[in-house]
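Sequence lines, in order, name chains A and B.
9 is the number that our numbering gives to position 9 of the first sequence; each next residue is one higher, with no gaps.
190 is the number that our numbering gives to position 190 of the second sequence; each next residue is one higher, with no gaps.
Fair warning: there could be bad hints in the mix.
Unchecked claim - Result set (EDC-like, lysine to aspartate or glutamate): computed pairs, CA atoms no more than 16 Å apart in a straight line:
| hint | chain 1 | residue 1 | chain 2 | residue 2 |
| --- | --- | --- | --- | --- |
| 1 | A | K183 | B | E489 |
| 2 | B | K410 | A | E292 |
| 3 | A | K123 | B | D59 |
| 4 | B | K740 | B | E720 |
| 5 | A | K285 | B | E459 |
| 6 | A | K119 | B | E420 |
| 7 | A | K194 | B | E587 |
| 8 | A | K78 | A | E30 |
| 9 | A | K119 | B | E489 |
| 10 | A | K204 | A | D315 |
Hints in this document: simulated from the structure, not taken from any laboratory.
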Amino acid sequence: MSFDKQIEAVRNSFRADLDSFSNEEKIINELQVKYFGRKGLIAGLFQQLKDIPANQKPCYGKLLNELRGKLSKEFEAKVKSTTEDSSTNKKEFIDYTLPGYRFPVGSTHPIQQTLDQMKEIFKAIGFNVGYGPEIDDDWHNFEALNFPPHHPARDMQDTFFVDQSTVLRTHTSNVQIHLMENKPPPLRYLVPGKVYRNEAISFKHYCLFHQVEGLYVDKNVSFADLKGTVDYFLRKMFGESVKSRFRPSYFPFTEPSAEVDIWNERRQQWMEIVGCGMVDPNVFKSVGYDPEIWHGFAFGFGVDRIAMLKYKIDDIRLFYQGDVRFLEQF
Amino acid sequence: MIVVLDWLRDFVEIKESPQELADMLTMLGMEAEHSENSDEITNVVTARITKVINHPNADKLKLCEVFDGHETHKVICGAPNTHEGQITAFAGIGATLSGGFKIKPVKIRGEKSSGMLCSERELGISENHDGILDLPENTEPGQPIAALFPQPLQAIEFDITPNRPDCLSHIGIAREIALKTGRDLKIPEPEVGDSISNAVREYVVVNIDDPLGCPRYIAGIVKNIQVGPSPQWMVERLEVAGQRSINNVVDISNYVLLELGHPTHIFDYKFVPTKKVVIRRAGSNEKITTLDDIERAITEQHLLITDGDRPIAIAGIMGGENSGVSEDTNTVLIESAYFDPITIRKGSKSLGLITESSRRFERGADPEGALRAFWRIVNLLEELAGGEQVPGIIDEYPTRITAPAITLRKSELDLLSGCEISAEFIEQTFTGLEIEWQRKTNASWTCTPPTFRPDLEREVDLIEELVRVFGYDNVPTLPAYTGLFSKDEQDVQSGIGRINKILTGLGFRQCYSNSLQSVRIASSLGRQPVKLVNPLSEEMSHTRTSLLPGLIQSLQYNINNGNPDLQLYEHGQVFERKGPGFKGIREYMHLTGIVHGNMRTADIYSSSDQQFSFITLKGVIELLFRRLHLNLLELSNSKHRDPFTDCYVIQQDKINLGFFGLINPKYIDLIGAETGPIYGFEIDLTLLLESMRKQEATHIYRPISVYPMVERDLNFVLSEETEVDNVIKAIQKVGQDILKQVRPVDIFRHESIGAGHKSINFRFIFQHLDRTLEDKEVSSVINDIIAIFKRDFGAKLRS
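Turn these sequences into a full structure, and let the hints guide you.
What follows is the structure in structure tokens.
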């Protein structure tokens, strides 16, 4: 028998033994001795190396080393796999239905989540995000927005005063003025923030709430763009089936002005969620933009209202109580 | 503004149901509010109950057979007064009741009911709902209930925006309906009496002392008045519109106000003995008792109607008690004037007195409408109070008020609206709005608005009118953004998103709390709060100077509801007054959090509760900064910083970012809470966000060594007072480049190492970026470290 055939025979015999392998200590020892022992079959093959011609010796040496490495790995793997199989059967019972380890759970506020979602929606159509002060002067909160002193429109927003010409902002629209005073047109901005109203606290009203203001100024901005933008937002926020209506209204800083209602199926009534319109030329004049060149639209969404509609919350005060039984639902 | 539909029908034909009308006007900008009388009651008739038996499956219900004059119906009724032979109101299938409730066939507990017997409340007759309607036994069945009980007039309440004073009247609303539907507007022309005769001047002369405050004053006299009750139709219309009937003379003035929108005033002529009316500014110390019986102090900002000596009315706001109409009035002086809006508004504001009259004048009455209103008053006084006009009128109108001429360009209309509105529609709408127009070119018009529309001053005002009447629904919904917006704008608060993720990941709940607090709480940290001049209450009279009180109040709220184990945080604005006026107010953005109670409660995996402590909060701060890659965090102990005791300062580059520590129990008391120990932090968020932005701008990757690291543990005995942080900083200095990490892994105290001492096991990790470290290199650094321990901290190496 040639040396190659002898090697092949050892290999085949090993494979056959592994196929009929049973995990018993006696058999493991026997096979260990039979193949890998000092006088085992592989050692026997090494013995025969001395009879191989010198020029072929390195080649066969390498071959035998590889064979020994490979077979011993296969043997160990077989022993290991059969050992694990049998020990599983004996393993003690673990109740996997026990609750998992408790990790702390936190959450952002539903107003924050709604604000974040709104920011995302508007960032996708190229709105930058800006901010402004919550306590502001009369100029930014009213006068530059075309609320002349002694104008009845000032009664539309119950205002907290710090002094005669300083207020807690009644809307985020004050930031429109700050932005336009500091930046040349065109611009497209979104302004989230807290606003204040001097209204008795009830399930419907709180002394503060959140708005998201939008302002887009460019040469050819139209009312149709405003409608398209608000409609885009409503579909993203409430889904494609949202039912809304644009109706004429009045704000001193926009003309034409509109309020947008969305249909509240549960309450069977329209619910106002945004006031908007085309920026009034007087607003452009007060910030030094030429109204013959620039046009724009502005809107102010009520974030609390949107969150209330989205999650079917009936009492606005829940947002400001910090009750974890409420917070943990978001 | 409550609009009575019956009254509206005097001026325009109405084919719509009240709901349709409300919707139509809402879409024109007059937002309709829910009105009680807007639902018509239909198909309800008188009927006799012929049989009553008990419901087999319900104790309180009865099965009734009801005869409505034609046939018999089976109806279930729960009213206690139901009895055989009773005549009551029967609503059959398809009938509509008060509140818009429609009757459908129903099954109640297994029995069919085809209709309903009604209470007075369900019929809108009264508030009585104790039982079903009880009619006299001789009432014929089958008569419509509406015939027996005339329904209150239908009305719709509208929320009129301040730019539309003209719509604070029935005529104004009728004009809008006519405009939208294309129907005729029928404005009855009053019968104009003698305006030329001088006879009236023998009764009264008018002198306008302040023509800016009072641009027009029309006066006239009607004599031989019979003061008495108003006719029923007028009483009814006024009451449904929300105006109590007083007597025919006063009612006429109110009626004309609601009809035409122009306020007028009627004086009892005998209380104007001077035969003079002088309109002037008030002096500094004048007083007048108004019709509501309140004595009011008036000042220079008020405009007065006087008889030359004493005030008889506050112009445009309210008449004086001393000159009002009473039962024995025989001759009246009629005032129909136009007052300056700002003057009236200032006067009304300073008195805190808003009347139907002041509301209209401050928004802008119609200077031309004054004359129509005058004649309408004269006509009604003659018709309903038997009066007789003294020939002639006084019409002081020194400078005629004219509306400005405005040019409308179709190009601007199309650009702003984003749609094509035809020239034909434009002209038709102008006509409907009573705007005088002339076509200037093919695509521009010169327009003069009517004097009752003070809101129409500019081209854009006309554009709004056109788009409004065109219908917002008919404008396309098309966002057509042009241009790219790649200005180098950054959302300066975008970092808050990262902070939110980290803190919520650690188990914190985000709160939003009230920014308004009591002065006691807002000033408790030695920060001066901003005071409101018109707060809702004392508890909300100042703006917050810290977010801690709100969080502690929320904590208390949760403790009261059985949830004491909490981690809460908030970010938001706080305010401080640093000087006088608006410029003295500072706004800061804070990030504040508190922890309270147990961090873990005992469960199957841990046998004991684990409370929040200083160390757990410190871990939060460390983790937050590590996640933000702000590794320059330095903490230094600073004993006093309200409201923290044992306070630690969070510093970065020598700037104080904030503080954390145990909150002083006295502060918790002051806020009115009763809690366990609270640990909290307060960070200036503006500064933190700035650090984050700087870090992000310079954030680069650090190479990772592929060579083996060497780990060594050394045990040192230190005095109890030695602060580990100082030790670590000293070690890091001698560690050269190869000391990657050093941290304490065990602290051991035992008498064997001596009282007042602790043994700390430090673990050192060494690694070189470019090669495998040699033993002697490590040993050399270790020797340096041991030397530092000995020299600087008097520490012994413990084997």
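Each hint, compared with the structure:
1. K183(A) - E489(B): holds (11 Å)
2. K410(B) - E292(A): holds (14 Å)
3. K123(A) - D59(B): The given pair, whose Cα atoms are some 63 Å apart, is violated under the 16 Å limit.
4. K740(B) - E720(B): Violated, because 26 Å separates the two Cα atoms, which is more than 16 Å.
5. K285(A) - E459(B): Holds - the C-alpha atoms of E459(B) and K285(A) are around 15 Å apart, at most 16 Å.
6. K119(A) - E420(B): violated (33 Å)
7. K194(A) - E587(B): With a Cα-Cα distance of about 13 Å, the restraint between K194(A) and E587(B) holds, given a limit of 16 Å.
8. K78(A) - E30(A): Given that 16 Å is the threshold and the Cα spacing comes to 15 Å, the pair holds.
9. K119(A) - E489(B): holds (14 Å)
10. K204(A) - D315(A): Given that 16 Å is the threshold and the Cα spacing comes to 6 Å, the pair holds.
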